[in-house]
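Engineer: If you're matching them up, the sequences are chains A and B in order.
First residue of the first sequence: 22, per our numbering; consecutive thereafter.
First residue of the second sequence: 5, per our numbering; consecutive thereafter.
Calculated directly from the structure, the hints in this document are not laboratory data.
Errors might be hidden in some of the hints.
Cβ pair distances, simulated, as ranges [as the list claims (entries may be wrong)]: (1) B:Gln43 x A:Thr522: 52 to 62 angstroms; (2) B:Pro101 x A:Ile45: 51 to 61 angstroms; (3) B:Val36 x A:Gly316: 53 to 63 angstroms; (4) B:Glu71 x A:Arg586: 28 to 38 angstroms; (5) A:Asn311 x B:Ala46: 31 to 41 angstroms; (6) A:Gly310 x B:Leu58: 52 to 62 angstroms; (7) A:Arg469 x B:Pro106: 50 to 60 angstroms; (8) B:Ala46 x A:Gly667: 21 to 31 angstroms; (9) A:Pro666 x B:Gly67: 33 to 43 angstroms; (10) B:Val66 x A:Pro600: 31 to 41 angstroms; (11) B:Gly64 x A:Asp619: 25 to 35 angstroms; (12) A:Ile646 x B:Val36: 30 to 40 angstroms.
Using N, Cα and C, we set each Cβ at its ideal position, and we do this for glycine too.
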Amino acid sequence: MRAVRSFQPLAPWRGVLLAVLVLIPSFIASEFMLQVLPHPGFGLINDSLAVLFGFLFGWISIGLWISIAGAVVLLFQRRSSLVETKFRVESADVRTAVIMPIFREDPERVCAGIEAVYRSVTDTGRLSEFDFFILSDSHDADAWVEEEVAWAALRKRLGAGAHVFYRRRRNNTKRKSGNIADFCRHWGAQYRYMVILDADSLMNGSILTRLVDKMEANPAVGLIQTLPVAVHQHTLFGRVQQFANRLYGPVFAAGLNFWHVNAGHYWGHNAIIRIAPFMRHCGLPRLPGNGVFGGEIMSHDFVEAALLRRAGWGVWLEPGLEGSYEETPPTLLDELKRDRRWAQGNLQHGRLIFARGLAVPHRVVFLNGIMSYVSSLLWLAFLVLSSVEAVLHGLVPPRYFPKTHMLFPIWPVWHPHWALALFWFTAAILFLPKLLAIALTVIHGETRAFGGWWRVVLGVVMESLLSAILAPVRMLFHTAFVVSVLIGRKTSWEPQERGDTSTSWRQALRYHSFGTILAMVWGGAIYLLNPSYFWWLMPVMGAWLVAIPISVWISRVGLGRAAQRVGLFATPEEIQPPPLLQLFARLRQTLPGVRRMDHRGFMAAVVDPGVNALHCALLTSRGAIGEGLALSRQQLMLSALKDGPGALSGSDRLHLLSDRETLMALHWKVWALKGPRARRWLGDQYFRAEESVPQPPAMWTLVDHVVPM
Amino acid sequence: MMSLDVTEPAAIKARLQTYLRVLGVPEELRAVWVKTASQGAAHASQAFIALQALMVKEAGAVGIEAEDEVGGSALWRLAVWLGQTDPKMADWVVRPPFVRRPMASERKR
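Bound-form chain B, shown alone:
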């Protein structure tokens, strides 16, 4: 079955470039990541997987705590999108932790 993906190297780079520009990644970092993520990628999906790994690594470097890779890349992208500087991202609590308590049912009375 033929791939649904972009496969031409220049087009892969262009797609990565567009993605990072839309996200708001600074130009210097963009250039480095486009080059790194597209290196050896046979199709765009591989390049985006590599890009996600770069994001997860960067998230760890700036102290973003996430439960897994999906969460790490999401939080890093969120920080960039919202234009938050790295140290402040630690304060960016999505929601407070749950402390579960039941509501007593009226039916019991």
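Okay, chain A solo, but in the shape it has when bound:
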């Protein structure tokens, strides 16, 4: 417990300091807002506006103080708090599983990623310490088989002895957290650590071995989260996010590390976990109730980190380790789809904030996650209230003598220059972190890695403009997400969109029309009733008005490529890709397959001798089964043979794929079929092979077709 204890006295003071730095200016800002609002105003509305503004000011200033702390840490190049052993202790016990939970991902991409990581670990000379697992939760028959085939090809490329394994869960309860827990239950006892990768994660061998060494040297640490750098973006939106992540991310992460110390963040991937305490303390419960706040914990990572820390294990964010990568959503709509899931997961944490024994920083992490979405609701409420106030001022004549027996009138007063000052001050809080990131890049001589100083500055200006346009759009969506969660609408578990997808005009119209219409109605009403206030609303209403074309244009790869050609939004990894990313790119282009037939998915598992062998080899023997079950499977097989694959539902296919004995029997039977039934399964290519064989008499063929079987 050494590492935990040594930082315990320090962390609370940092927390108190951050609270003071945030709360006092928020209070002042709130008071200032009261002065800015027209006087005499509408008491309740003014008070509400001031309170809302105070909350929101505090919320954005947290980001500022995190960035300031991060900038100071990076400026003085403070070393990591976690010691790293120089003399590694060789031990057969120190085994690490690199696991990649997947759910209907592109299997070729998954295997290329694993192969790149595997080969990078090989280069470190410490491959024997690592095993690799692809842990599938895919519940689609075709996806399941395609994953297996991609994995088999990977094993073939890496050699027979490669310790890269594939496992699919039959029942994907508790989604990703259940998938990892299932791994722990089956194989966790054989490893000291696990490194969790997402399907789009990449980590090089050097960072993996360093993580293991850090865990070994810090026995009280339960989890180390790395800072993944965004890569492989080609759409304009993706490249802007990638640029922002690369430029601002390290500063922000260093700040998080400073404030949270050993009660840090865990983002669910690109992290190493000590398995034994994880298994002992991180079994997630089902929350009571069936609504959106009950059931399985959706955003499990924050909770697991909090539980580990509660049990006394350090949870560290280590932003200084290089060689950790991930991909980000390629379009605004893809990002928003992901946010819909995250919104539900984070709001669910509301039930856990006051859970017994959690460290305060982790309660703050929960609150922070909730505020990431609820703040949008508050911003919208602020806009609504301020609009109501403006309309009332436009419609209700001022009362110069609000009390009887007054000698002098009270003139309506409002200070637009004060309002402007508050606006610019708030904007400064939002933009200062970006300026700090630029300053650090210049000070550390890293601007060339981003394409030169002017490209950094231009990139930040353009990114800020785009952020300013997208912020109101995100606000509207996030508000809708929060409301839909609060009224009990659950989100389904869908695979994440990766790669170069673009938003069509139809999609943009479908998702952004509401905002556009709202802007026209709301903005139009304000313009008619209080034209001077209209201009204050323009940044928001204008963004909603242009959301449809902007969402489409920034999703285009062509614009992203054009920006890339002039070096705009460039990142060090894009200008000079590290060996791991180069290897991954090569693998993506030149992956040799293993197939000899054209069949894909379920059809391949039934027909292709190799794929069938692979699938059956991966299934365990069913052992003895009941007579009824055996009969139903027999019937399913017979119906498949007689009526062909088209007659099988998705569920039928999964049933057949899940039973080794039935699937293999079906395989042999399909290859023995004659006539059109054989063609349905084997296809013309292989059916034609029989044409060289002497044909039976015409009468026999006729009988074969007309006699019912």
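Chain A is already provided as a structure; the job is to place chain B on it using the hints.
Structural biologist: What follows is chain B alone, placed relative to chain A:
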């Protein structure tokens, strides 16, 4: 009820031949196995059962360990499909053995 299977001997042989060719079985072995498996087979299903038995036997000969015949034939076919030479197949671990441990439930605390 009429058989769904190919029954004509030449067609059975052709089907076996296609199967083994698609799998990637070497030509010499293919010729021997087609002949052996089709011998006396009244329909193609019988021939494929015989073929499976040949595979299981071959798997045992090259040291492939399997829990049963289904597993043996699957692993042998897998080795041939992936083009693995026989001695290397012993290293072809599909997945490491389970060492089951429970995840402690949070509900207990």
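Engineer: Quick check: which numbered hints come out false for this structure?
Structural biologist: Going through the list in order, the structure violates hints 4, 5 and respects the others.
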